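Starting from the known structure of chain D, arrange chain L on it as the hints suggest.
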Amino acid sequence: MQNLNLYSRGDKLFVRINIFLLTLFALSTLYPFIYIAAVSFSSGSAVTSGEVIYRPIELTLAAYEYVWNESQFWVSYMNTFIYTIFGTLVSLLIIIPGAYALSRPQLIGRRFFNLFVAFTLWFNAGLIPFFLNMRDLGLLDSYFGIIVGFACNAFNVILLRNFFEGIPQSFEEAARMDGANDFQVLWKVYLPLSKPAIATVALFCIVSRWNGFFWAMILLRDESKIPLQVFLRQTIVSLTNDEEFGSTLLEAAYSYETVTAAIIVASIIPVLFIYPFLQKYFNKGILLGGVKE
Amino acid sequence: MSQVVLEKIVKSYGEVDVVHGIDLTVDSKEFVVLVGPSGCGKSTTLRMIAGLEEISGGKLSIGDRMVNDIAPKDRDVAMVFQNYALYPHLNVSENIAFGLRIRKVDKEEIKRSVSEVAEILGLTNYLDRKPADLSGGQRQRVAMGRAIVRHPQVFLFDEPLSNLDAQLRTQMRAEIKRLHARLGVTSIYVTHDQVEAMTLADRIVVMSAGRIEQIGTPMELFMNPVNRFVAGFIGSPPMNQIKATIVAGVDGPEAKISDSVSIPLSRAEGLASATGQSVIVGIRPEDVLLEAAGGEPSVPLEVNLIEPLGSEALIHASVGGEPFVIKTPTHGDIAHLNDIRQFHVNVDRVKVFDEKSGSALYQADQARG
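As given, the protein sequences belong to chains D and L, one line each in that order.
Each residue of the first sequence is one higher than the last, beginning at 3 in my numbering.
Each residue of the second sequence is one higher than the last, beginning at 38 in my numbering.
Bound conformation, chain D alone (with noise of 0.2 Å):
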């Protein structure tokens, strides 16, 4: 904490007002955590009517033990597993040449490709011809569809190649002077010095994969191949319209509340733990050295 008295009283207050709002923002954005944790520990009639407010009451495992016992949890688990490794992988291995690609100023059309990247952040096909295309592709409920079909993100190609644009020009002269061809300057001087950048995007990548529901719903119709936000989904849906589920509310430890809240938890926990490995590249100063301004 800096020393306040070195402050004007207007400065004074401009720091407390600050710390008051972010103090709120934080708190608004950690409750739905801790709520949604409270309940999944929580048993069924306790939520049902209305006690949990931020710690979990009549504690229990009872909603866990629900999900673990279905082995379609299992299998969607797994499906995002394979989606978000391999759709991250493969999301890479195409933004980081093409933002590379489109970042070089001797890419003759680059102004050209740029727009043209560009291009698809305020427009694109929509959702029913980008299905009939999937489907014209043979690639609806299969994990290549899911996988490759939403590799490409424009945003995370501008933002790396904005940053590859930041690395100063003289560190792929000094390659090329050592005898780098394109492939090399990449590989063993561009991507090290871009690690901050290629984690941001990766994590953008592992996000938006892990979360990915929408077009996983709309393209996979064999359960065997669904994520888990659609498998969570239909959890909420089945267990909502299942009259037996609901009579027995009363009595049951567990409530479609609790075993829906149970779900998010345990598709969270995975993404709390990857920021921490990934938190190392989020430091400026790479570059520190390499050059002198």
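Stretch by stretch, here's where chain L covers chain D in the computed footprint (C-beta under 8 Å, at least three residues):
no., segment
1, 168 to 182
2, 191 to 204
Below, simulated BS3-like cross-link-like pairs (lysine-lysine); rule was C-alpha separation at most 27 Å, straight line:
no., chain 1, residue 1, chain 2, residue 2
3, L, Lys293, L, Lys280
4, D, Lys197, L, Lys141
5, D, Lys190, L, Lys110
6, L, Lys66, L, Lys110
7, L, Lys393, L, Lys280
8, L, Lys110, L, Lys167
9, L, Lys141, D, Lys190
10, L, Lys110, L, Lys141
11, L, Lys148, D, Lys190
12, L, Lys96, L, Lys66
13, L, Lys214, L, Lys148
14, L, Lys167, D, Lys282
15, D, Lys190, L, Lys144
16, D, Lys190, L, Lys167
17, D, Lys197, L, Lys167
Hint data in this document are derived by calculation from the structure and do not stem from the laboratory.
Being a predicted model, the structure only gives us computed values, none of them experimental.
Glycine residues also receive a C-beta, built at the ideal position from the N, C-alpha and C atoms.
Just chain L, lined up with the frame of chain D:
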């Protein structure tokens, strides 16, 4: 044989020519410095030699090959960049070895070469450090190590010392000179610092606005500048340039600075026919006598500022309303310099330039080195 020959080399960006057909031959083992103000085309010329810029016109040869259309990696040249361009994720050893690894040189050979280069440059104790952990001078040495480890035909230096402080620059300058003497590799060095140019070069190429103004040894350029630009660029402080008119004197032509002051140009036979011509008289700050040795013309001046440099002092003065700088020994005392009211011109060292074209009309003496 590692001669570099530039024939009518042109560089254009769209309609704009930035290098206007320059001709230059750098002999094998020679150290040539391209010097000039910012934007004069010296770095562009160097980058064309490196292959980092396309050549718009003319012919470039390195050794016995024309290299206009040859990729940088195949030109057998190495370059030291102004900002070092060291790979920050690699340590010193890996940085120096980078080019050899790319070229798939045998691992043992790489190890031997790197340690040899580290020995030459005094980097042996730093091989495991990352660039961020090195001082400016050490980083610059690593950049040079990366260049020399490949044993190229030609070294190119793009203002390699401009990011170093004054003391380190002097030290590195000496190191570069020693390195060149030891390795004997043809070197082309770009700088805007005329002191670097004077101290390092076998020959200096003075450039301005994409053209070569003069090529010569440091002393040739200092003693016999071909025009006002070179006269003003080479020498520190630069040559004083005063407006004058050629008049007929008793012993021959004279440069009339004011009604009462004329400088005799007795040896300038070519100027006899130039009577009445407007010229610029060039007098170097160190070619001024504060006390007459015998018969030198005196010029009145008004002292504005004294800059003591230790053994010498710079006197910033006005001559006929125009700035004039004198460099004089102090002998440990500068107080008396404020009392100076006139100076005497060493007529043997005076230069005369045409006012319009700026070309030299008269060099009182000849180059001695």
